[in-house]
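Participant: Protein chains in written order, with full-length UniProt numbering: chain A, 1 to 350; chain B, 1 to 350.
Warning: the hint list may mix true and false statements.
[As the list claims (entries may be wrong)] The calculated lysine-lysine pairs, modelled on BS3-like cross-linking and capped at a C-alpha distance of 25 Å, are:
#1 Lys338/A with Lys214/A
#2 Lys282/A with Lys160/A
#3 Lys41/B with Lys91/B
#4 Lys52/A with Lys126/A
#5 Lys159/B with Lys52/B
#6 Lys313/A with Lys204/A
#7 Lys313/B with Lys202/B
#8 Lys41/B with Lys27/B
#9 Lys282/B with Lys282/A
#10 Lys282/B with Lys241/A
#11 Lys67/A with Lys282/B
#12 Lys204/B with Lys159/B
#13 Lys126/A with Lys102/A
#14 Lys67/A with Lys19/A
#15 Lys159/B with Lys102/B
#16 Lys241/B with Lys282/A
#17 Lys41/B with Lys282/A
#18 Lys241/A with Lys241/B
[What the hints assert, rightly or not] Beta-carbon label-pair distances, calculated as ranges:
#19 Arg225/A with Ser157/B: 30 to 40 Å
#20 Asp303/B with Ala221/A: 25 to 35 Å
#21 Leu132/A with Glu122/B: 35 to 45 Å
#22 Asn20/B with Ala221/A: 24 to 34 Å
To be clear, the hints were calculated from the coordinates, so they are not data collected in a lab.
Nothing here was measured: the structure is a model prediction, and the numbers come from that model.
We put the CB at the ideal spot given by N, CA and C, even for glycine.
2 protein chains.
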Amino acid sequence: MAGNNSEAVMMRNKQVILKNYINGSPKESDLYVKTDSISLKVEQGTSAVIIKNLYLSCDLYSMSRMKDHNDREGYSSDLPGSAVKGFGVGKVVESGHAELKKEDLVWGLTGWEEYSLITNPESLIKILHTDLPLSYYTGILGISGMTAWAGFYQVCSPKKGEYVFISSAFGAVGQVVGQFAKLFGCYVVGSAGSDEKVELLKNKFGFDDAFNYKEEQDLNAALKRYFPQGIDIYFENVGGKMLDAVLLNMRLRGRIAVCGMVSQYNLDHPDGVHNLMNILDKRIRMEGFVVIDYMSQYSEFLDVAVPSIREGKIDYVEDIVEGLENAAAALVELSSGKSVGKVVIVVARD
Amino acid sequence: MAGNNSEAVMMRNKQVILKNYINGSPKESDLYVKTDSISLKVEQGTSAVIIKNLYLSCDLYSMSRMKDHNDREGYSSDLPGSAVKGFGVGKVVESGHAELKKEDLVWGLTGWEEYSLITNPESLIKILHTDLPLSYYTGILGISGMTAWAGFYQVCSPKKGEYVFISSAFGAVGQVVGQFAKLFGCYVVGSAGSDEKVELLKNKFGFDDAFNYKEEQDLNAALKRYFPQGIDIYFENVGGKMLDAVLLNMRLRGRIAVCGMVSQYNLDHPDGVHNLMNILDKRIRMEGFVVIDYMSQYSEFLDVAVPSIREGKIDYVEDIVEGLENAAAALVELSSGKSVGKVVIVVARD
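Could you put together the complete structure from these sequences and hints?
Facilitator: Here's what the structure looks like:
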């Protein structure tokens with residue numbers, strides 16, 4: 001389908017634009033909606049595709065891209081004045097790529113806008129299981145589910161019966177890690193920032209236990225209460241004081257998968273972590289990872305995730321936001337930690 | 001040879017006794033020499049052996065055992081009033097063990113005394129290559145060499161051409177790691193605490209470069225100078241501020257093998273390490289290890305180490321101390337960082 005010579009169709013393209021690089025937490029005024037137009041025609045001789053965006057993931061990744069990381073290896077920044085970028089689900093409307101054709105459903109890195117020109121279409125993943133809600137590919141069947149799978153199965157090297165602690169356990173990744181760990185046969189405790197989230201972790205997601213870290217004066221004492229035998233696996237989303245307390249409670253040959261350190265992102269001076277001697281004493285392996293390194297195993301992940309979701313063994317909550325106009329407010333709410341469930345922005349339903 | 005009925009021979013047994021658990025650095029007065037006697041007879045029906053100690057390793061491990069670790073998992077403490085324990089080379093003088101016979105040369109955990117009763121003789125390793133100096137089995141062919149091998153080859157997963165930094169590089173382990181890394185084809189820089197050690201690292205042990213960390217105001221700047229491209233592998237012996245500076249200079253997918261954190265051992269409040277976000281950003285694997293987990297691979301280590309030493313490809317310096325009477329002073333000197341070369345206490349030469 002490389003190129004085509006038909007007349008270009010110009011379409012309205014509503015976009016969520018980044019005003020300036022953000023510092024710290026985003027404000028609604030950091031973004032604005034602009035209506036532009038886009039030619040639904042792919043330049044001849046290129047392999048680019050144009051997708052119509054259906055569902056967008058509102059997450060920390062997009063928030064991170066709004067910061068100026070231009071001197072930071074391994075990080076990407078959006079360009080002020082352009083549409084925010086993030087993961088989403090779309091439908092191919094025009095394709096110069098041999099393996100993607102019109103009407104194909106795909107997910108991958110796209111823009112917060114109605115239509116996106118994707119110049120590296122090899123990064124898009126075709127959606128084959130369409131019996132599950134398409135929006136799931138912004139989360140549990142997309143980056144956050146895959147991150148949970150790679151972090152737990154690949155980085156943590158779990159064994160049945162091990163003690164697993166997940167911080168920020170109600171986050172899009174944490175809640176899936178916990179459910180994978182339960183299905184695998186581990187004992188799972190999570191921490192979260194509100195009593196409502198703690199209740200859902202225990203009663204909806206099947207965690208063995210959970211606690212509200214904001215109500216704990218002494219995180220070390222809290223962990224000792226929930227893990228009298230110690231922790232084999234720590235799925236790290238938080239960093240700082242939580243990591244310091246966890247280190248004191250790790251068991252011999254424990255593993256720490258570092259997926260995030262959200263408590264540290266907006267600090268000028270990151271917290272000091274004092275208990276690293278435990279890495280030596282307990283022969284701990286601590287490993288940072290990003291999901292992109294594991295994408296070649298995406299179908300292995302689906303083999304676990306799809307049947308578990310179909311059979312209701314893994315639960316999933318979405319927080320649906322209608323329209324690009326509401327994206328900025330959703331992002332601010334996410335950043336405040338108030339969102340319950342995966343925040344999905346609906347651009348169009350088909 | 002299980003048991004024997006001959007008359008027990010009583011032998012003088014000079015011992016170096018721990019007076020009380022030490023706090024911080026050892027003083028000569030923490031130890032004293034006592035002359036006892038020992039029956040050179042193994043109780044019938046047991047597999048115990050008695051060895052005549054020849055060479056003892058004076059090292060941080062013995063120093064660590066002099067502290068009270070009784071509430072610390074994975075750590076052993078000596079008993080005040082008993083002989084200090086540590087690694088050494090000995091000759092079997094009596095054996096109840098099927099695979100050890102009189103005159104066999106062995107190395108393993110023994111006591112700072114003339115004769116030791118070893119009740120777990122399966123922990124002793126028979127010395128097969130006797131063309132190299134026996135004292136080497138207290139160090140380069142014993143625990144420190146094996147630690148270097150396991151840490152570098154097994155934990156660091158090195159690749160040819162990678163950039164390797166070793167702190168406390170002149171230590172018994174560090175200097176062997178550096179030489180293994182050079183033989184393997186890496187670029188190797190070490191830090192040490194005196195100009196004399198720096199010179200020896202460069203000119204005797206063949207490090208590509210080395211620096212005196214005490215003369216650096218800014219460790220981050222120093223590492224940037226020695227590793228403009230960054231560090232792939234950090235062999236960690238020091239911890240604290242050095243680790244914090246190294247984290248800033250690690251490359252993508254770097255590895256940190258945590259062998260020791262000597263700057264932290266005697267602190268009531270360990271230093272805070274602030275740059276752990278780099279573990280996430282650079283997908284670093286940081287792993288604590290102890291050599292004991294790798295002992296099943298000892299013969300693999302010898303396959304690398306023995307020919308390299310025979311052919312002069314690996315250099316080794318010993319600091320020989322004559323007699324148990326001088327052991328306490330040697331330990332204090334070691335603790336002060338003044339020793340140059342592996343400190344070996346000679347108890348007897350055969």
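Participant: All hints are to be evaluated individually against the structure, with a verdict given for each.
Facilitator: Quick rundown of the hints versus the structure:
no.	hint	verdict
1	Lys338/A with Lys214/A	holds, 14 Å
2	Lys282/A with Lys160/A	holds, 20 Å
3	Lys41/B with Lys91/B	holds, 15 Å
4	Lys52/A with Lys126/A	holds, 14 Å
5	Lys159/B with Lys52/B	violated, 43 Å
6	Lys313/A with Lys204/A	holds, 11 Å
7	Lys313/B with Lys202/B	holds, 15 Å
8	Lys41/B with Lys27/B	violated, 35 Å
9	Lys282/B with Lys282/A	holds, 23 Å
10	Lys282/B with Lys241/A	holds, 21 Å
11	Lys67/A with Lys282/B	holds, 18 Å
12	Lys204/B with Lys159/B	holds, 24 Å
13	Lys126/A with Lys102/A	holds, 12 Å
14	Lys67/A with Lys19/A	holds, 11 Å
15	Lys159/B with Lys102/B	violated, 44 Å
16	Lys241/B with Lys282/A	holds, 21 Å
17	Lys41/B with Lys282/A	violated, 38 Å
18	Lys241/A with Lys241/B	holds, 18 Å
19	Arg225/A with Ser157/B: 30 to 40 Å	holds, 38 Å
20	Asp303/B with Ala221/A: 25 to 35 Å	violated, 49 Å
21	Leu132/A with Glu122/B: 35 to 45 Å	violated, 56 Å
22	Asn20/B with Ala221/A: 24 to 34 Å	holds, 32 Å
Hint compliance for this structure: hints 5, 8, 15, 17, 20 and 21 are broken, all remaining hints hold.
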